[in-house]
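Generate coordinates for the entire structure from the input sequences, incorporating the hints supplied.
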Amino acid sequence: MRQRAIWSAVLVVGLALAGCGSASDSGKSTSSDGKLVVWDWKSGEPFAKSYLEKAKADFKKKHADVEVEFVAQPFDQYYTLLGAAIQSGKGPDVMLFNGGGQIRDRVDALVPLDEYVAEDRQRLAGWEAFAKDGKTYAAPVTLQGYPIYYNKEIYRKANLDPATPATTWDKFVADCAAIAKAGSKCFALGNKEGVGIQFWLSSLGSTTLTAAEYDAWIAGKRDWNSANVKRIFQTWKESGDKKMNSDGANSTAMFNDSFALFQSGKAAHVMGLMSDVGHWQDFNEFLTPEKLGVMKAPVVTAGTTPSLPYDGGIGYAVAKWTKDPKVAADLVRSLSSAEALKAFYADAGAIAADTTIDVSQAGPAVGTIVGELKSGKPALHVALSSKTLDLMGRLSQQLLSGSVSVDEVVKQLAASDQAG
Amino acid sequence: MRAERYAPYILVAPAVLIIVVLRLYPLLLGVNFSFTGDGAQNGTAVGFGNYRELFADPLFQTALKNVGLLVLLLPVAVAIPGLLATFIYLRVPGHRFYRSVYFFPAVLSPVIVGAIFNLLLAFDGPLNAVLGSVGIEPIDWLGDPGIAMFMVVGVHIWATFGMALVVFLAGFATLDPALLDAARVDGASLRQVVWHVIVPSLSRTIQFVFVTTMIGMLTSMFGLLYVMTSGGPEGSTYLPEFYIWKQQGQMNRPALASAASTILFMIMLVVGLLQIKLLERSGKED
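Chains as they are written, first to last, in full-length UniProt numbering: chain A, 1 to 420; chain B, 1 to 286.
One thing to keep in mind: the hints can contain errors.
[Said to hold, decoys possible] Partner residues aside, some chain A positions facing chain B, computed with beta carbon under 8 angstroms:
hint : residue
1    : T80
2    : G83
3    : Q87
4    : D105
5    : K192
6    : G194
7    : D247
8    : G248
9    : N250
10   : S386
11   : K387
12   : D390
13   : Q397
14   : Q398
These aren't lab readings, by the way, just hints derived from the structure by calculation.
Note that CB positions come from ideal geometry on N, CA and C, so glycine has one too.
Structure below.
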C-alpha cells in the first residue's frame, strides 16, 4: 500500500511539473541577451528572402554578436497574437506594423524612435503614418497608396482614348456609361470586409475636399457636416445606384476577388495599392505594362487639384520591454537600409520608402506613381481610428444596399470620430 | 493505512490541479479583466463600464439576436439528420451510398467548406447561373443582410449534420424492429411510423443531438463566419465569438472582448444547465 501511495505521489508531482512547465513556457519572454526576436508576416514569403539577407548583413556590421530571429506570423492573426503579447508585457523585441490606426492604437507598448532614426529622416518617406503626438514609433519600409488603375484595352473597346482618361467626375460617369455599353463594368469593387470605401475615400479625397479641408482632416479637425465630405459618400452611393460597380460588391472580397475581376478584364478601373499586393506587378500576368494605366482622380469639386494619397505602408517598431532599445533600433534601421529596401522593391514590386531607388525598368504605371509621390498627401482613411473605419465599412455596405442615407452616415461617423 | 486514505485525493489531484490552474484561474482572470479599462486606462478598474458599452453596442445586440436565431433554427438542424437517418434506416434505394455521402462534409475543415460555398453562392456563381437559366433574377446570397445569416447557418448544418446522423443511426440500432413490424402489420403510414414509433423510441438520442448541435452552433461557427461573411454584410452575421475576436484582434480592446467572453460564457452556462435539466427530466421518465 505504501508503495502505491509513493507511486501516486510521484505521478502527481510529475504531472504537475509537466503542466506548470508548459504553462510558464508560453508566457516566457522571447527577449534575451545577445538575441533579438522579430515578429512580422513577411519574412516567410519567398520574395522577402534577399531583403532579409541584406538587412541582416547590414545589422551584422554593427552588432556581430547579436543573433536575430525572424518569426513569421499569419497576417490574419497577427494583431490578435500581438495583442496577447502586448497584454502580457512580453514578446518580440522588434515587430512589423501597418501604418495608421494599427500602430497608433498600440504606441503604449512601443519605444519612440526619433533619437535613433534622425539620420534616416531625409532618405525615407512615409514617417507620418507611424507617428503619434509628435513621436515616431516605426521606420517605414514601404509606402502604401491608393492609385486608380485602369485597363487601356477596355477603354479602346469603349471608343475612349486610353491616353486621356476623364479629369472630371461628370466626364468620368459618362465614360463609365460608354464602358458599360461596351460590356464591361466601370469599377471592380470588393466591399465584403468594408474596405472598399476606405480606398474610395482616399482616392477621391484630394479632388472632393478643398486643400484646407484636406489638411484639417489629416490634422484631426474633421468637419463631417461639410458639403464636400458628404459629396464623397454621395459619389460612392452614386456609383452603386448607377451600377458602375461590379455585381455583388458587398459579398465580394477585395483581396483577391475584386483585383481578380480587374485583372481578368471584367472591369475597367480599380482603386488599387502600391505595396506588394493589388498593384501593377500583381496585375502583370494579364495586364501587361502597355495595357495598364494609372490615372489621377477625377475632379469632383471644381478648383481642387488631384494628388496621390499615400502614407508609410509597413514599418518596424521596437517593443518597450526590449532589453537594449538602442540595439533593437539599429536592427530597425538595418531593416529600412537603402540596400535592403532596394531588394524589397526588386523582388516584391512594392514602392519602397526610399524614394531614391531607380524604378525606370518597372513600366510606365510605376513611373507615374513614383512621379506623383512628391506632390502626394497622406491618405484620408489612415487618419481615422480602427473603430470609425469599421463603422464606415458597415455603413458603406448600407449605402450600397440603399438602407441608409448619406446624412445618417456622416452623422454616425462624426459621433464615432469624436468619441475617439 | 493513513497513506491509503489519502491515495484517492492524490490520484485526483493532477486533474483538479490542471482544471484549477489552466481552466478556472484563467477564467477568473478573464472575468476580472472585463472590469478594467482598455488602452490608456489599461488595468484600472472601470466597474461595469465595459458591460454598459457592450449592451449599448448595436453590433453586440445583433450578435445576441443571432444567438436567438440559432436557438430558433435548432429544431431544423436536428430534424434534417433525423429524417435522413430515418430514410437510411428504412432502407430507401441507395441508402448505403447516401450514408457515406452524408457523412463526407463532416470531415472537411470549416475553412474549406466556407471557400466552396463562397464560390457556389457568389453573385456570378453557379447557383445564380442555374436560377438565371430558369428566368430568376440573381440573388446576392452573402451580400444581402436579410439572407446572409440563413446561408451561413444552412452551410453549417450541411457541413455538420453527418455527425448527428451517425448518432441517430446508433440510436436506430437500439430500436426494437418488432415495433416497426407491428406498426406495419397494423397498416400505419410512413408518417405514422415516424411520429408514433420512431420519435418516442429515440427520445434520448434526439435530446443528445439537440445538446451537441446547440453547443456546436454556439461555439464552432467562427471559421465559417470568418470565411463566408466576415460578420457582414452590414454587421448582420455577427455572433458573440466573432465579436470577441474582432474586439481583441482588430480593435485592440481586450478588456471589452473579455466582457463579451464573460457574457458568452454565461449564455453557454444557462443553455448547458437547461439542457442538463432536460436530460435529467427525461431520465426520470424512463
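Taking the earlier hints as the rules, which of them does this structure contradict? No numbers; nothing is violated.
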